[in-house]
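Single-letter residue listing:
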Amino acid sequence: MDITGKKILVCDDSVLARKQLMDAVKEVSDGAVFIEGKNGSEAIELYKTEKPDLVFMDIVMPEKDGNAALSEIREFDKDATIIIVSSVGTQEQLKKAIQLGAKDFIQKPFEKNQIKEIIELRLGGKN
Amino acid sequence: MYTQFLGNYLLQRGIVNQEQLFKAMSRLSQTHIKLGTIAIKEGLMTAKEVDECLYVQSREDKRFGEIAVERGYLTNDQVNELLSLQTPDYILLGQNLVEDNVFSYEDLERILFEYQNDTELYDLSLDVENQETIAAIIKKFFLLAEMPVNETNVMYLELMFNSLIRFVGEDFSPLTPMVLDEYPITFGVSQAISNNNDYLTHIDCDRDTAIAFASRYANEEFTEFDEYVIAALEDFLNLHNGLFIVNVSNNTSETIALAPPEITMEGVLSGPNKCVDFPVAYPFGTIHLIICY
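Sequences listed follow chains A and B, in order.
According to my numbering, the first sequence is numbered sequentially starting from 1.
According to my numbering, the second sequence is numbered sequentially starting from 1001.
Derived from the structure by calculation, the hints contain no laboratory data.
Since we're looking at a predicted model, the values are computed, not measured.
The beta carbon of each residue, even a glycine, is placed where N, CA and C say it ideally should be.
Incorrect hints may appear among the rest.
Stated by the list, open to error - One side of the interface only, derived from the structure: several residues of chain B facing chain A at Cβ under 7 Å:
{"#": "1", "residue": "Ala1218"}
{"#": "2", "residue": "Glu1227"}
{"#": "3", "residue": "Tyr1228"}
{"#": "4", "residue": "Ala1231"}
{"#": "5", "residue": "Asp1235"}
{"#": "6", "residue": "Leu1239"}
{"#": "7", "residue": "Ala1257"}
{"#": "8", "residue": "Ala1259"}
{"#": "9", "residue": "Pro1260"}
Please work from the sequences and hints to get the whole structure.
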């Protein structure tokens, strides 16, 4: 699948989690442009300046958590495609993420197939 | 998880050393239980009878079951029944140690008897780990550590052992916990948990151990102590503590919060009361799970 030039924002406070996610995307298809953020505030800022096609975002992050960032990004762009990737989340947090407009939820540690499915579903028809 | 507890039991009593234990543990997935071992476990044969059949087997081209039936130690039905039994890994660990000449079948028979009495494992269905028994064994760890035994503490440690099995590997043995006023940090990651009480959790180890631990956790081959290794330890503790707060919030009405993990390269850990060190030995090194409360 060709996703050349597609912008993917990966926002997680863990450098390892960001690397693993980007590696998983690269295995599906090369060519995407990655933008990295370490917390919710950076995610909002980067979304506004870079307007990515897809966002992978953790929930528990310092400064501003994933749900707060999700909410602000959706206010800015109601069509934002945001996927929550989290190792944990209480049921309340997950419910809130869905209510705030998260398109999907992936549990860490994730399987590469899950990333493949997301890329195909969310970027496959956007060429 | 019984395998890890048996490992701890053998180490504590000086029956094995760490090298012997890890050598035997490393072969768990490649070895199969032998009929003689399971016959001892089931109380159908004595160690002497098994040794006798093994001796005969070394001289005659016959199956162990066939010899045991010929000598009247087992019936054909018993052989079939034993062959169909699922055997837990802790029995396999004992068998591997016999094969490594660490102890004899006769010793294994006695050790298993004592271990099962001590941990009240004797009523256990062999292939199912009993939740209550696991909790009872973990309670003993807290008693050893002079730490309050309550449902939340037991859940925390049980989940930690499960997280280690799931994300790092099952070839570890918990060592004897130690109560400390303070703990000097080598390198580690700390994370505070707040509910009715505040806890500081911390994982500590030397750098080589951290590299090996991170390699297993991330399923990547790290060779130097870099940001990915540090992040792997952070991720592990965050993941484990996160699972814990989800369990607590799903099972109780307690409000519980998790602070972001923090990297600590030096200093001393202490709590308002005590710190407890739960060391866990892996073949690549020992990691210390510290809880200050």
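Hint-by-hint comparison with the structure:
Hint status for B/Ala1218 relative to chain A: holds, with the closest Cβ pair at about 6 Å, below 7 Å. Proximity of B/Glu1227 to chain A holds as hinted, the smallest CB-CB distance being about 5 Å (cut-off 7 Å). Given the 7 Å rule on beta carbons, the hint for B/Tyr1228 holds: about 5 Å separates it from the nearest Cβ of chain A. Because the beta carbon of B/Ala1231 sits about 4 Å from the nearest beta carbon in chain A, less than 7 Å, this interface hint is met.
For the restraint placing B/Asp1235 at the interface with chain A, the shortest Cβ-Cβ distance is roughly 5 Å, inside the 7 Å limit, so the hint holds. Checking B/Leu1239 against chain A by beta carbon gives a least distance of about 4 Å; that is within 7 Å, so the hint holds. Annotation: B/Ala1257 was flagged as interfacial toward chain A, and the flag is violated, the nearest CB pair being 10 Å apart, outside 7 Å. Of the supplied interface hints, the one on B/Ala1259 is violated, with its beta-carbon coming no nearer than about 9 Å to a beta-carbon of chain A, more than 7 Å.
With a least beta-carbon distance of about 5 Å to chain A, the hint placing B/Pro1260 at the interface is held under the 7 Å criterion.
Hints 7, 8 from the earlier list are contradicted by this structure; the remaining hints agree with it.
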